[in-house]
Structure formats: C-alpha cells, structure tokens
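Work out the full structure: start from the sequences and follow the hints.
Listed here are the chains, written in short residue letters.
Number of protein chains: 4
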Amino acid sequence: MAGSSFGKQLVMTTWGESHGAGIGVVVDGCQAGLPVSEKYIQTYLDRRKPGGRDFATPRQEADRVRILSGVFEGRTTGTPISMMIENTSQRSGDYGNLATTYRPGHADYGYDAKYGFRDYRGGGRSSGRETAGRVAAGAIAARILEAYGIRVQAYVSAVGHVRPDPKRFDPLNPDPEVIAANALSMPDGEAAAEAAEYLRKLMEEQDSSGSEVTCIVTGVPAGIGEPVFDKLDAVLGQAIFSIGAVKAVEIGDGTAVVEARGSENNDSFYMKDGAVAKRTNHAGGILGGISDGSEIVIRASFKPTPSIFREQQTVNSSGEDVALSIRGRHDPVIGPRAAVVVETMTAFAVADLLLRGQSSRFDGDPGMNDRI
Amino acid sequence: MAGSSFGKQLVMTTWGESHGAGIGVVVDGCQAGLPVSEKYIQTYLDRRKPGGRDFATPRQEADRVRILSGVFEGRTTGTPISMMIENTSQRSGDYGNLATTYRPGHADYGYDAKYGFRDYRGGGRSSGRETAGRVAAGAIAARILEAYGIRVQAYVSAVGHVRPDPKRFDPLNPDPEVIAANALSMPDGEAAAEAAEYLRKLMEEQDSSGSEVTCIVTGVPAGIGEPVFDKLDAVLGQAIFSIGAVKAVEIGDGTAVVEARGSENNDSFYMKDGAVAKRTNHAGGILGGISDGSEIVIRASFKPTPSIFREQQTVNSSGEDVALSIRGRHDPVIGPRAAVVVETMTAFAVADLLLRGQSSRFDGDPGMNDRI
Amino acid sequence: MAGSSFGKQLVMTTWGESHGAGIGVVVDGCQAGLPVSEKYIQTYLDRRKPGGRDFATPRQEADRVRILSGVFEGRTTGTPISMMIENTSQRSGDYGNLATTYRPGHADYGYDAKYGFRDYRGGGRSSGRETAGRVAAGAIAARILEAYGIRVQAYVSAVGHVRPDPKRFDPLNPDPEVIAANALSMPDGEAAAEAAEYLRKLMEEQDSSGSEVTCIVTGVPAGIGEPVFDKLDAVLGQAIFSIGAVKAVEIGDGTAVVEARGSENNDSFYMKDGAVAKRTNHAGGILGGISDGSEIVIRASFKPTPSIFREQQTVNSSGEDVALSIRGRHDPVIGPRAAVVVETMTAFAVADLLLRGQSSRFDGDPGMNDRI
Amino acid sequence: MAGSSFGKQLVMTTWGESHGAGIGVVVDGCQAGLPVSEKYIQTYLDRRKPGGRDFATPRQEADRVRILSGVFEGRTTGTPISMMIENTSQRSGDYGNLATTYRPGHADYGYDAKYGFRDYRGGGRSSGRETAGRVAAGAIAARILEAYGIRVQAYVSAVGHVRPDPKRFDPLNPDPEVIAANALSMPDGEAAAEAAEYLRKLMEEQDSSGSEVTCIVTGVPAGIGEPVFDKLDAVLGQAIFSIGAVKAVEIGDGTAVVEARGSENNDSFYMKDGAVAKRTNHAGGILGGISDGSEIVIRASFKPTPSIFREQQTVNSSGEDVALSIRGRHDPVIGPRAAVVVETMTAFAVADLLLRGQSSRFDGDPGMNDRI
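Chains as they are written, first to last, in our numbering: chain A, 20 to 391; chain B, 20 to 391; chain C, 20 to 391; chain D, 20 to 391.
A portion of the hints provided could be inaccurate.
Which chain D residues face chain C? A few, computed with CB under 8 Å, are given here [what the hints assert, rightly or not]:
#	residue
1	Gly124
2	Tyr128
3	Ala200
4	Ala202
5	Phe248
6	Arg380
Facing chain D, according to a computed beta carbon distance under 10 Å, are these residues of chain C, among others [to be verified]:
#	residue
7	Tyr59
8	Phe136
9	Arg153
10	Pro193
11	Ala215
12	Arg219
13	Glu245
14	Leu251
15	Val254
16	Asn284
17	Ala296
18	Asp340
To spell it out: a stretch of chain D is covered by chain C in this simulated footprint if at least three of its residues, at any positions, have a beta carbon under 8 Å from a beta carbon of chain C; those stretches are [what the hints assert, rightly or not]:
#	region
19	170 to 181
20	277 to 285
If you're looking for bench data, these hints aren't it; they were derived computationally from the structure.
In this text the structure is predicted, and so the values were computed from the model without any measurement.
Heads up, the beta-carbon is just placed ideally off N, CA and C, and yes, glycines get one too.
Printed below as a string of structure tokens:
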C-alpha cells in the first residue's frame, strides 16, 4: 500500500518527481464555500521556491501554481482541488553521473532496494521539490484554520550552533516581517547575520550545516486530537517526520523532559478571565494527545544537506566502491526553505483533526434521555 | 473520525478503559499460518504489568491475556485476532475526588473539552493501561518479524540525568538478560542501581522523574518504508508519539544533527562481503524515509509522571481554582514500564510497512516487455 | 490488507468465528453522550438469533451481548465501544466431516485457496454468526439516526415466488408489528403463511429457497453521500453485498430501469408545503449518489441456503471427487434472519455518511469574503 | 470525509469537473517496473470518448491523456502516476439556464443540498466526464492483471428490451472485435442493429432508454477477496454502484436466485485435469466473498439518460415550480459508453484485491513450528 496521501477528513495526495512534467497535489475533503485563489496559494509557494534567497540553490524556477479543479468563481466547491506546478527548469545532464551511484545521506540506495528501478534525475520522488505540492495543500488548510481564528507560524530557530536570542524576539509570537526579511527565515536579524556568516564559511569548506525549525500554532481550542493513535502530537509527529531530512521532532520541552521532575514539568491550570489557562506551557499545548488551549510548540531537527561538494566514498549499483563528487545546485542548509513546509504540514494536520473532531459530541436531544 | 486503529496492512484496533470490564485489541491482516499462543503473548504483557517491580505501582493485576478469535490449533487463520485482558483490580473509590478536578499534566481537561463527558475513573481511556492492548498486538507483529530475521529491543537509556555507560554495554546490541534483570529496564546494572537511588530520593520528595527509552531494530532489509507520508520514520514517529507522555522522538543522531556538518553526518557506503554497508550510522538506519539495511535507532523522551503527591494548583469543571492532592498508586517514572510499549509499537510499525512493501515491485513477465 | 472494518467516520471492526470463544465488534467514532444500553442492543440481536422462530435452526444460543467499553453511566463516552457475544452452544462434532470436504455453495474452497489453513468448524469466519457483531454495531448507528429523525426498516419481500401483496401493506411504510409477528419477517401475514407452506414443502424435499429483503429508510435529508466513490448507493452496495449469500442489490426501480424510458424513469420535482418533493420515487431516494430527501429503497436478493440435506457431488482438499451429505442445523431460507442484518448494515452506512457530511460546508465568516 | 479515492493497496484519486481546466487521476501503489505508456492508456479512453459513435453526443473532444509522473523510460517507478486529460470542448453557454434549475433525474438538487454551492456547468463533478480519470486508472490496473493472466471484458447486454441472442455469442467469452465493431458495444451485431433502430425511434420521441452492461473476468485464481467487508463482491458492488446511473448490480444469477432452490443454485465442484472446477457457475465466480476460480460475472443496470428534450416539470433553487426544456448534447442511452467504465472499475477492484491478498499467507519457516 502506497503512502502518497495524508489526512483522513481533509486528505492531500501528492504526485510528481523532480524532473517529470511537473508536481502537484489533490486536496479532497475541503469544505465548500471557502475563498481560495491561485494568487493566495502562490504566496505560500514563493516562500519555498529556490532562487530568491542567498542560501538557496540558484535555479530560477517560476513555481507557478495552477488550480485545475474544485474552485469555481473564487470559492471551493467541496470537490477535489487539483493543483499543479510545472517543472520548467530542468537540467537533467547535471545528474547523469548519479544514475548508478548511491549518494551518501540520500535515499538512492533505499529506492533501488525497494523498487528495483528509479528515476534518478534530481532525486526523483525523494527530491525536496515534492514538498511544493504539500505547501499548496497546506495553504488551503491554513485558510480553513484562519476561519477558526487559528494561526500557524514557523521559523528557523537554529543554523548549526547559531540560535536567535530570546531577548530579541518572542519565541511564542515571532514577528512574521522579521522572518520574511532575512534569507534564513530567522526571527532575529542579528542571529540571521551571524548564521549567514557561518554558512559562508561552510560553503568555502564545501560543507553544509544542520538546522532547527520551530513552529507555533496559536488559537487552537482545547479538545483537538483523536485518541489513541491519532493524538494531535502523533499526527504532527508523522507530518513532520515525513519531511525529508528531519531526524527529531519535539513537542513543548521536548528532550529536556528527560531530566525534568514532575513538579517542574506539570503546568498548573488556573482560571483567567473566566477561561481555563495554564501558568506555564512545558507541554507545548498538548496533554494526553489533545490540545489544551495553549500555544502548540513543535520543533524539527534537520540534518545538514547531504549533497556536499567534497569527494565522498560510496558504492554503485554494480556493487563497487567508488569515489563521488557531487556537482550541481544545492542549498548549504535545509531549514530556511523547509520552514514553510513545516508550517503547512502542521496546518494541514491541525485542520484535518479539527474537522475530524466536529462529530465528537452528540448534541443531545432531550427526548433521547428516556431511551433504554 | 476516530483514531483507535493503527496500521494499514496489519491493523490494530484497541479498546477499553482503566475501569471498565477490560481492555483489548483486534489485530486484522495477520498472515495465516503463524504460530501464536496466549503463553507467548503473555511474555510480553508480563513486561509491562504493574506489581512486579520496585518502581511500579503496587497494584497486583493479573493482566492475563485471552485470545478470543483468529487462532486455531496454535496458528493464525488470517482472520481477526481478538485479545482481551480483564480488569480485575479496580478500586474506583481512589479516584472519586478526580471526577470534577483537572489534574495538571493529564488529559482530563482535554477530554472534557472534546467529548463533554468522560469516564474519570483511573484516567479512563487515557490511562496507561490502554497500552496493554498494544503490547499484545505488537507481540504478534514481533512474531511476524521473527520469521524475517528482524529483532526489536527497547531499553531505558536515561532516568533523569542517570544514563547507562557505553563502556559497560553495546548501545546497538544490549543484553536482554541485563535489561530484564533490573527493575528499571536498563542495559547497565550499575546505572540501574544509581537510577534507583535517584528515584527513591524523588519519591521521598513526592516527586517524579523524566526518562528516555531507546529502541534498536536489527535485521531490517533495505527498502522498507512508503514515500512520502508513510516513510519509515514518519510511521515510527506517529507510533511512538501516540504513547502517552512522549514529548520527543529521535532517529539516529536526532537533535544532534542541528549542530552537525554534512561531512560528519553523511554515512559512507562501502561494500562488505558483497553487500552494501555503511561505515557509520548517524542516520539511524533510515535515509529518505526508507530503511538502508543498518540498525534502526529510535529514542523517545518521556516526561515525568504527572501524578505526584505534592499539592498542586489547578481548576475544576465548574471553573474554580482549587488545590489538588493526588493519592493512589503511581509509578515515579514512566520509561521502565513503557519500554515494552515502545518496543511493540516499533515492531508493529515495521511489520506493517514490511507487509505493505511486498507489492512494491512487479515481478516482470518478459512477455510484457513488448507492450505499448 | 484485511477487510474486517467498515465505515470511515463511524467504524466497526468485527471479529470472531462460529466456534471460538465468541464473536464481537468494536465501534469507533461514535459521538459522546448518546444513550446506549445492553438492553437496547439486545432488542436488535434478538431479531437475528436462532431458535426463536419456526424456520430458523433449532440451536438455542442465548446471544447475550455484553458492552465491554465505551459506555459510562448509560451514555457513550466517544471512545471505542467494544461488544461481545459469547459462543455458548457449540457442537463441533456436527461439523467434523467437513474439515476436508468443500461444501458446494460455501466459501470453504476459497478460504483454503486464500489462507492455506482454515477453522472449518461451523464455517469459521464465513459463518452467518459473524453478522451478530454487525447487528450490535448497527443498533448503535440506528440510535444515532434516531436522534436525527431517520428510521430504517427491513422486511422480507419474497420467499421464492411468494411475495407480500401490495394491497395488504404499504411497501414504503410497512407495519413493524406485522413483520415481528410472523416467523418470516414479512409485512403481510397472509403471504407469510403461504411462504411457510412453501418452505415446509421444500424441507420435505431436503431443499431450500431463495429470498429477497427490502429495506426502507425514511427521514434522510437531501445531501447525504460523498462523491464520487463513496456515493450513498456505492456505500450501501458494499454494505449489503458484504452480507453472505447476497447476489444482487437494487436501488429504487433496480433492474427494471433497463427497459424503462427516461420520460417514465425521471422523477419530477415540485414544491410541497415549501419543501422540494418528488411526484414519484423511481430513483429510490438517491440521485447522483446523493440522497434527494425521498425514502431510500434498497432490495437484496439472497440465494437459497447452500447447506441442504440432499447428497451432493463435490471435491475434498486432497483433490478427490466425493459425495457429501450435510447434517446439522440449517435454516431453509436466509432472508428472514438476514433482514435485521440488512437493516443494521444500512443504518451503519447511512450514519457514517451522515457524520462524514457534517463538514461539507464552510459556515462562512463574512470577513473571509475579501480574501485573495 | 471526502470520497474521491478508491482502493486500498492500489488507490486511485480522481479530480476534475466537466468544465474546469481538465480532469485527471492519481494512481498510487502501482508496482514498479510495469510497462505503461500514454498510447496504451489512450486505447482505453478512446472507447469512452464522445463523438466517435452514432449514439454518443456529437462533441468532438480529443480526450488526450498525458502522463505527468510515475513513469520513467516506459516503466512505472512505483511512485504516484498522475494522468490528466484537458477539457478542450466546452460550450458553457449551453448550460446557462441550468444554473438555478434542478434537472429531474440529476444530482443538481443533492449537490446544492449538500454543499450549498455548485459548479453547474455541464453537471460539474457529477458529469459522466469524471469517469475518464477512472478509465485511465483502470487501464493501468488491467495491465497489472494482464501480467497475472487475468482478462476483463464488458459489453452491453441490453438496450431497453433488446438483448443479444445467446445463440449468436458466448456470454462468458464474447468476441471483442464484434463489440468494438458496433456503435452500441454489443457482442451480437444483429441485436445491435435492432437496438439502434429502437434508439432512433426514442430519439424521435425526445426520449431515452435504459440499458444493461455485463462484465466477465477470466483467469482469476481462487482465493481473491478480503472477508468480511471487502469481499470481492462487496468491493465490486461499491465500484459499480459508484458509476453514475447504475441502479442495480448483480453477481452470477443475480436477482434470479430469489426464486431458485438450493439444489439448483449450488454449483457442484469436481476435479478436472487435476484442478478444482465447477459444473455450473450460478455463483458468478464468487462464494463467500472469495473468488472460486470460475469466471466472474457482473451485471449493471443503467437507468435511461435523464437529460431528455421533452419539457419536464421541476423546481428551481428559489423554491418555485418551473417547466424545463433541456438542450445541448446528450446520449440517448448510457450503457454503450459506460461499458468501458464498468470494465476498468472492475479491473481496478480486482487488481487491488489481488495485491492486497499477497500477504494472506505466512510462508512458514519450519523453525517457527516449535515456538510457543
């Protein structure tokens, strides 16, 4: 059974490889009547497209999204929304020498082991380009959430050892304009400058850096998540780990809970203006797999870009040890372009669970009370 | 849409609350002809049951599993395997004062927000007791894996700051007998003794500790995992985050990749005895969401047990601030009993993807080659 | 991938064989707060149990349902509802000679071909007894529908050539008391008496009869059904064909449409008391896979009971031609006991689609109108 | 939850409306290495396209399929196969007067009731044009089946009262060339001529005819189908009922079983050339939901085309009674163009269950026999 679909009430199915006719996504289960346009979707895609930023690959792909179905007179019709982005900038020749060589840190060997046959051009289906479809789908999910007052914002919280300084930004409420204003999607311009310097040095050394993306969801009401396997954190875990290069996902305090004590880690509830609130948010907004009304806090650890220009030792499909020198266009760090992918996958997961939860309660008919 | 099922080819559906008639699980999609017995399943359940260990709650539940269907003359029939564990030791009175009070760190508030109605006895569906069904289902998955030469082993790799010493055990090949021989499921007896001392101190202070569980899967062939949303790490991410109290999941180097460089993090391939091998395993056995033939390495961070005996501030369902003193039976740390849950959820996820992958390749009929 | 689950928002998973410990069902996705009791479920099960009627097998199984989880203080909690019916009357000896012989008209040969191994006692998983779990699950669905004013009623509309006379009953509104008052679940006592006479004659001849069940759903609002694969009629088609021995499913005029003309078959809409109504209902309440507000009319054709006492020619698992004489307890007709199965499967399918449809529309926020 | 996907191991997701940019389908789960080309897919699409036949609408749509992903160097890669057919011949003006009027026999009213908003052009998503995506997906399924020696063939077995004469063709083995040679997809040229005459008369009377399609699957091994809800007939039932205008689905003897006796209806098994065979095939190749090795026989009853040119009474979205005269291009009968849809949906359902069944059996390791 294949795995190209995500979500249960709101479902996206992505398709496409790095070097085929294009890539795309079908979103099924979107409510009818929601305002959606190509222009709106494009604002999300523009955040992940290459070419626009200092540390992104110099390819100049237009990445223009086209809505092929499911939207009529500016609104969703409730039927599947098909969106496509044509592949326009393909230089297959760049990849020719990779047809038979397994790049370290890449999925090449796994794909061959699994399928016995692969489209080696540009990483094929395992290319980061596949995420463009997710971003388009997640933009629709974000619009659904917007109608419920829920907002999702991701940012780069580490490039190697360089982290934004909490004295210069609010980790739970970062400034979208600052994030958009620097090439590294960081919420602190000074840290971004320092990280840029670090990346330049790594590029000189034909190397790459790991990174971390933090995602904040505000406005989620308490009660979202489906016990026991589709808990909010479990679905987010799948959503974020499904993004290439993610090696860790944390909710709230994440790995720090290992050394914490219960008396420190428990968040006290209290009444605030007539509503249930928490004095702290170590839990990252999720308790027992269900949202507790606080901000949801997710962190994803991205490994360094595996495509580096240094010569590396590897093997080929004939079972020979070979030396490999990768050429072409590669970002020195993954997080800055992946931030919008984390954001939209998070939006999609939350929107799906929000819709799924709409039938959690029976809106009791008093006449039913006397039933056996 | 509810979330009580996990898996797509091999599917488990769990049911039951802490204080109902019992808890159970239905496993659908298990191959016919596999040897399975209650005695075998019981060996797994005995590893999570309370009462048998120093730092587990003093309840004495028999936790006897009964196979109700799907096994005939000692073998699976291919039809659903229903298993049940009766609840025998219920002291509902212990929990009476929790009917209307939301415990910090627990799902009580979320359940009420979601369902408007909840079985408050012993945490109801959000009780750790729910995992007994998963363990029984995972034992069947482990038997499937055994037939393919795949072995799964979990152990506690941290209780608070206390960690086993890599000089005293092999992190990729821990000794099951050592793990079974101490009350904390640690692969290093000395560390276990130190951790026990730490827990005793915390219990005196009416407090609890966080913990970490590591899980190793050996013998997985390259090629397991379904791009792009059901990648091996994505499915494991969902599986492990669906276990209560998990706040982080890491694969391979996990969060350490953030500060790593590509030249360090990439694992070189080389030929070893005619097979593809890797000189390092920073990737934890998964590249691009597909197994690469190395050991799979997963780590889960468990928060400290939220039920502590200290008085805590919280609110009740009438919207009043109240002080809460929890009584009853509670482990001071979650990892030691949860290790077998991590192990069986991992086994289930891997077995499901293994079976799903069996139709990845067309076993080509040469006659097809001439088709248009 | 196994097939023991049905439904997407409201999901039932059945388990159990004719001769194991029992049979059961887990219902996941039921709204919280719905009044449900064992006594209520039992009223449905009593309609399918053997022993109570003239033309049912003389087994005296209690078929007592036990709710194991998901109901607290008389109401559903939103968590999985597990129900079990113990097998109490098993005479395995009756079936011993069938361990290796494939009964004509039965699934024996198919199960062996598929699984290579089977529980031959009483038909194992392919026994009609499996439907008891469905009936229990469908009773819960019927309760959900009741809260929306939707009612489902099935009845036997043919035993062989004997059909109820439309002059003596209303096909769209049959009298439940008449149906309950005769052993054949027919809505016309005179026809029931005639059918009983026909069956007695067949039994003397060691033979059995085919039958037809009609099911009427009233009160379904327009707009239920999910294009394009989960249309209301498509889901009903799967639901009813999944019942053993069904060889045809018809909606509305059914097979009669083949010889009809468009001018006859189209149902004219008109306004009636301010609501859209139809002058005829050839469509059986479903147009384009979506309910149109009229009564839904479904018919299922059941083949004659394949277990007949006459000697039959067949083969055994050693590949030998053999003569077979079936003994034991077998109904001479399937429809009368299957009517409640058709009714509850229909209820389950409609309830699932009703819940799924609750997020079809965006309840527009006027502020969204200015969005790009 | 939306319903635009079909299949579990092999999954198709269709998208598109009659008058958007195009229609398409994504096929996920196809094995890697299968030879597939646009030219091959086109041969299937050409059988349903309008314009090529006497009794099809005179639109001249090219219906050219384009494979956008998942095929590399003439073979499937195991990743999603996206296919698109652009809408090239749209005369929206033809449908303008239908924006607010509910056509009798159509889904217009249901869509409005469900979604509150609809793309009224050409029937939108409920247009028969949606099935082009299914045909493309089913062509891939047919290629999978071909590799296993399984062949699927549909034909028109009735246009109104006109049926092919069994003396002039073999119902279980009709001649594809005869079927392709007449405009009505009938396996008997004389009957086709008679049916053509009947249709001409109806068209003069501004009326339309019902029809029946029969589908035969040969070469299916015994053992295909997943008890209990995804039985082969249950999945076929859903597949065929999901095609617009189908009002009845029959397997084998279908509705005729109601008046049959068990002694007539049971098919005797016997050994033939060392294999299990059946002397008759009343069951239509399916027993207990599992294939029995005989030909699978399915019949679908199609209602008359609801779009007729006679004036009809109906209502509009303002709740007024109105008279409606439909103009435009409409076939006088549905079966001839729908036959290939029945054929490809059948192929898809059988291929999905074939792949799903590949893990039904444990290929026993003798060493497992001693396990507890």
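Quiz prompt | Structure versus earlier hints - violations, ascending order | solution = 3, 4, 7, 10, 11, 12
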